[in-house]
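Got chain Y; can you put chains X and V on it based on the hints?
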Amino acid sequence: MKAMKKVLVLLLTVIMAFGMMACGKDDKDTSKDLPKTQDSDSGKKDTPSDVGSTEKVKLTFSIWGGQDEQANTQITVDKFNASQDRIEVEVLAIPWENYLTKLNSMATANELPDTGMMMETAVIPYAKEGMFADVSDMFKGQKVLDSLAFTYDGEIMAYSSANEVLLLFYNRDMFDAAGIPYPPADAANAWTWDEFVQTAKLLTLDSSGKNATEAGFDANNIVQYGCSVENLMWQLEVWAISNGAGYFTEDGKELIIDDPATIAALQEVADLYLAHKVAPLSTGATDDGIPRTIISGTVAMATNGQWNVGTSLKSAKDEGLNYGVGVLPYMKEKVTICTGGPTVVFAQSKHPEEAKEFLSWYNSIENSWKLIEDGIWMPIFEEYYTDESLTRKWVENEAFPPYEEYKSAVVDYAVNNTKRAAWYYTNNIDNFYAVLGSVLGEVWTGGDTVENAITSNIDVLRDAFEGR
Amino acid sequence: MKENRSNVFKSRKRKEKIASVISLIIIIIMAFVVLFPIWWILRTSLMTNAEIYKYPPLFFPSEFRISNYQKTLEVFEFWKYLFNTMTIIVPAVIGGTLTATLCGYAFARLRFRGKRFLFSLCVGSMLLPSMVTLIPLYIMWTKGLGLVDSYLPMILPYFTGGGAFNIFLIRQFIMTVPRELDEAATIDGAGRFRILTNIIVPAIRPAMIVVALLIFITLWNDLLQQTVYINSSDKFTIAIGLTNFRGALKADWSLTMAATCMSFAPGVLFYLIGQKYFVEGIVMTGMKN
Amino acid sequence: MNRPLKKSKRRRSHISAKEERTAYLYLIPAFIGLIFITYLPLLGVFGISFFEWKGITSPKFNGIDNYVRLFTKDFFFVDSIKATVYFALIAVLGSMIYSLIIAMLLNRKIPARGFFRAIFYVPYVLPATAVYIGWSWLYETNFGLFNYLLARIGINKVQFLASSRLVVPSLAAISVWLSGNLIVIFLAGLQNVPRIYHEAAEIDGANAWQRFRNITIPCMTPIIFYNLLMSLVTNMQIVVPALSLTNGGPGNSSMFMTYLMYRYAFLNNQIGYACAISFIFFLIIAIFTAILFITSKSWIFYEGGD
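Residue numbers (my numbering), protein chains in the order written: chain Y, 1 to 468; chain X, 1 to 289; chain V, 1 to 306.
Rather than coming from a laboratory, the hints here were simulated on the basis of the structure.
Keep in mind that this is a model prediction, so the values were computed, not measured.
Keep in mind that a hint or two might mislead.
[What the hints assert, rightly or not] Straight-line alpha carbon distances no greater than 27 Å define the calculated DSS-like cross-link-like pairs of lysine-lysine that follow: (1) V:Lys60 - X:Lys143; (2) Y:Lys356 - Y:Lys79; (3) Y:Lys143 - Y:Lys79; (4) V:Lys157 - X:Lys54; (5) X:Lys80 - Y:Lys79; (6) V:Lys73 - Y:Lys253; (7) Y:Lys334 - Y:Lys407; (8) Y:Lys128 - V:Lys60; (9) Y:Lys317 - X:Lys54; (10) X:Lys17 - V:Lys109.
Here chain Y stands alone, though its shape is the one from the complex (with noise of 0.2 Å):
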């Protein structure tokens, strides 16, 4: 009996002791916590400046995105906190690859932040369960970029907080040493897809210096590849709109993607690496296209989204990289598309209206500012767009291409010819892209053709689509 009482005793200790290490380091931060989701009505707890005010309404915004843009976000949060004395904002900062993971099961157990960004790709989905408030009025006043609403049922359920479109990235360095003039900074001017895959193989070079219009060609000893498309399934779908198709009807109710132009199109995408050798073989599982390509310096023209330029571009730029920017070629419609995260406010919350002024607060162009001027994303209201001096703010910089280009090639385009990207407006995305991912999955090592892919699962896309 002696033995079990200090048995007992000895795992009481223990996990009390240890209980008490962890809980002790809780208890410190859950009075910090818990307020923001039950004492927010006690209204306990107040910050020593407003002594004696009414309470404040504490809300919480969760974002994604690495140290720095937790940071930003941060500062801008704080200075929405000291701006007004009303509302209280927190930040909850999720990893990027872990950020709907994690909602989902804050969804599950009932515990969503007031508001917070979104996946594109699970917005329809949480709005079709009407996860999310009304925010259709967020922006008095001033006109957000029509590509930038998701809608479903024709209604807007969110906007994105910044705009993206998919641009054609290059090498100069490589255009001048091979003598050929550099792609298109114009729509009007932009390059078929033929034309596009001629210069491809002019600057698709192999380790004796040969291009792939040249006899004696050695396509296994290739040093130099003249492009990349990038394969990701959402970027993908551009080539099918372009080529007069698409994956789905503009209203997103009916799947088109086995109508013969969208096989077609993705086909001449697989094509550049299987039949004419001139890009190197990507999968389309890692989202890392421009350094892969114009970075490394192993590739002269690549396609990808905008956000390159500052993320990653400009550093390379710093380094010495000689890079420019054009529009996509086409094959029947000059065409590119457009995301853009969104931010929203979940209808679990119980400020709904405090929470939307924040965002609206959070979105405007001052709060964005550092972001667009960096080069990552590019701003949501229209006139930015169309008022001259209005684009010079943001376009005239060090770290961007010159100007003239950059406006006709990324501002005027992003205006003229977008499209939205199919999570703006179609259900179960996410599931889709997966089984359209797998089922091409043979495809871009040529193991399989698109046409024989596509058609042989079309039942199988039509599930995921409808969520079957």
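The following block gives chains X and V in isolation, referenced to the frame of chain Y:
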């Protein structure tokens, strides 16, 4: 006859020597192969992003950019993360090792009804991937017990034996400790608990270190649970910090790899310190006579 | 050695109440763990698998619909079973053979043994995500190191992670590389094989292979069993490479079950459905382990034992 035998002996010795040399050569080659990917990560952490994607690939950075590490430390709050991680790991390792020892001892030495059944339940739970029960457990901890944004959901499970693998391991080790020792102690009037603390624990100390290391590694790598349970950035662990390091649209590999290399360090250190006991511990495995 | 064993067996027939109480007391933590951390949640998973639960809405009972959908309609599921089993098979066999060979080499009298042992163990203590990212560069088709080396000796590019035929073996190779813990355990076992047996056999004229087959292997069977079990359970639960490298592709060739489960539960919010996958996954592992345990009786060689 005599000569013959010594010849056999000599040739055996020579053969053994040759075999040892060949083994050594193979081992050295294999060691290079094994270390190579690690070198690749380390090398990457010392290069510029442009160098990383160079083709043909560079085996050595053109210059060793230690500054990558300084830059990384500016944004990657290593020490804070390390402290947080340790706040989870230290109690879990202690709790897991102690309770695993108690349970392992009961299974190895004590007789009680339902032992076989309980033991097979225990072994059975080894087969259950943690991901399977993640959702019910998450609901239990957060909704049921209100442990939101807390380390406890990751620590407390280790106070329940620290996982079946560890109980199993300890049991196997205890079974190698000669029963005669216990019996002698019983005759001397020692109780069960005294036997456990005075005879069994010293004998299986290496095994306990093995268990501690295993728990350490599991928790160190357990990104999924940490992400699910931790909310505020004040509480981020190394694993979360590392994924968070790769921002939404960024892919700064050299800094990411620098952060990765920093996060290698504690695990390797723990192993090097414990390795003497660790191997000694396994040498005593219960599978031997 | 035999006598006390028999005696203890006889004693087992009447269990002292005090001993039993002590045992239960010591097992309280395990009880709690087994009930609350393991089996109740498992029951929960089984229960939830009969509901349509989108996470954000309230659960709706739909009988065995989830299971029917899994086996008749799901585009990924059957492939995921294949991928998981295929991966586990290669990885388990590969790491068993690799670690046994390395352990046997390390068991010889070579200088700096501790140093080498440490080297082979190190991969095991590294963070998994980083390991896979590091390896993905080596495997990269266009600019990766392996293909560069192959090109140097005139071999055409190999699509390690990009071809559905090679992706699983390529990932399994990483898993083999990571199996340092098996080496240490094998090594421990080898050091316990009495040298006298070897010496005796040698004098009897047995060659190296015969000694390996007839002495080393039999003495090692319990350890082989333990390692097999550990390696099987770890490798069946593979998820990180799919999560961080392949997203299950190309095609469905690396759509491992745990990854599929993760996708449905945490990305698509189909919790009931994900629980159905979880449960089947649990059954598959249980079957494999059961086979291992049942057959083990015939091939494990216990020298004494309890």
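Structure-based check of each hint:
Proximity of lysine 60 of chain V to lysine 143 of chain X is assessed by CA-CA distance (about 20 Å); at most 27 Å being required, the pair is judged to hold. With a C-alpha separation of about 16 Å, the suggested pairing of lysine 356 of chain Y with lysine 79 of chain Y holds against the 27 Å cut-off. Straight-line distance between C-alpha atoms of lysine 143 of chain Y and lysine 79 of chain Y comes to about 24 Å, which keeps the hinted pair within the 27 Å bound. This hinted pair checks out: lysine 157 of chain V and lysine 54 of chain X have alpha carbons roughly 17 Å apart, not beyond 27 Å.
A hinted pair counts as satisfied when its Cα atoms are at most 27 Å apart, and lysine 80 of chain X with lysine 79 of chain Y qualifies at roughly 25 Å. Straight-line distance between C-alpha atoms of lysine 73 of chain V and lysine 253 of chain Y comes to about 22 Å, which keeps the hinted pair within the 27 Å bound. Between lysine 334 of chain Y and lysine 407 of chain Y the alpha-carbon distance is near 17 Å, which keeps this suggested pair within the 27 Å criterion. Annotation: proposed proximity of lysine 128 of chain Y to lysine 60 of chain V holds, straight-line Cα distance about 17 Å (limit 27 Å).
Among the hinted pairs, lysine 317 of chain Y with lysine 54 of chain X is consistent with the structure: their alpha-carbon atoms are about 16 Å apart, no more than 27 Å. The suggested pairing of lysine 17 of chain X with lysine 109 of chain V holds, with an alpha-carbon distance near 9 Å, which does not exceed 27 Å.
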